[in-house]
Amino acid sequence: MISDENQTPQLPQTAVSSRYSPIAVFVNGKKRILKNIDYLTENDLEAKYKGHLIIINAQETGGYYATVTHPDGCYIVDGYFTEYKYQTIKDVVEMCIENILL
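Just so you know, our numbering puts the end of the sequence shown at 109, numbered straight through with nothing missing.
No lab work stands behind these hints: they were computed from the structure.
Don't take each hint at face value.
Okay, the calculated beta carbon distance ranges per label pair [unchecked claim]:
{"#": "1", "residue 1": "Arg26", "residue 2": "Lys97", "range": "17 to 27 Å"}
{"#": "2", "residue 1": "Arg26", "residue 2": "Tyr91", "range": "29 to 39 Å"}
{"#": "3", "residue 1": "Lys37", "residue 2": "Thr68", "range": "32 to 42 Å"}
{"#": "4", "residue 1": "Lys42", "residue 2": "Ile83", "range": "14 to 24 Å"}
{"#": "5", "residue 1": "Glu49", "residue 2": "Asp79", "range": "29 to 39 Å"}
{"#": "6", "residue 1": "Asn64", "residue 2": "Pro29", "range": "12 to 22 Å"}
{"#": "7", "residue 1": "Tyr91", "residue 2": "Phe33", "range": "13 to 23 Å"}
{"#": "8", "residue 1": "Asn35", "residue 2": "Glu67", "range": "30 to 40 Å"}
{"#": "9", "residue 1": "Glu105", "residue 2": "Asp45", "range": "12 to 22 Å"}
{"#": "10", "residue 1": "Gly36", "residue 2": "Glu67", "range": "33 to 43 Å"}
{"#": "11", "residue 1": "Asn35", "residue 2": "Thr74", "range": "17 to 27 Å"}
{"#": "12", "residue 1": "Asp45", "residue 2": "Tyr82", "range": "11 to 21 Å"}
Okay, derived cross-link-like pairs now, BS3-like style, lysine-lysine, Cα gap no bigger than 27 Å in a straight line [as the list claims (entries may be wrong)]:
{"#": "13", "residue 1": "Lys55", "residue 2": "Lys37"}
{"#": "14", "residue 1": "Lys55", "residue 2": "Lys92"}
{"#": "15", "residue 1": "Lys97", "residue 2": "Lys55"}
{"#": "16", "residue 1": "Lys55", "residue 2": "Lys42"}
{"#": "17", "residue 1": "Lys38", "residue 2": "Lys92"}
{"#": "18", "residue 1": "Lys38", "residue 2": "Lys57"}
{"#": "19", "residue 1": "Lys97", "residue 2": "Lys57"}
{"#": "20", "residue 1": "Lys42", "residue 2": "Lys92"}
{"#": "21", "residue 1": "Lys92", "residue 2": "Lys57"}
{"#": "22", "residue 1": "Lys38", "residue 2": "Lys55"}
{"#": "23", "residue 1": "Lys97", "residue 2": "Lys37"}
{"#": "24", "residue 1": "Lys57", "residue 2": "Lys37"}
{"#": "25", "residue 1": "Lys37", "residue 2": "Lys92"}
{"#": "26", "residue 1": "Lys38", "residue 2": "Lys97"}
{"#": "27", "residue 1": "Lys42", "residue 2": "Lys97"}
{"#": "28", "residue 1": "Lys42", "residue 2": "Lys57"}
C-beta: ideal position from N, C-alpha, C; glycine also.
From just these sequences and the hints, can you work out the full model?
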């Protein structure tokens, strides 16, 4: 193998960067931080937490539709959430993380 002395070594990329601010929620009495956010608007969110894909969409009729997909592909959460306690995306994120940690 020939070595190129002028080649800059590539360091592994360990930090996850996101252009969106992290979302902090409290689940089971502990602060949980959702950092790996791929897409976020007032009505929609797509992010990963502990390898799980979280997708949340606001519905025109009110409430949110949320899915949480486990890294192996099965659904942990898949449904419409129209109850009063789910008024914001942050409320639904809290519920999604709670289900991930079960």
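Taking each numbered hint in turn, which are not upheld by the structure, reported in ascending numerical order?
-> No hint contradicted; all consistent.
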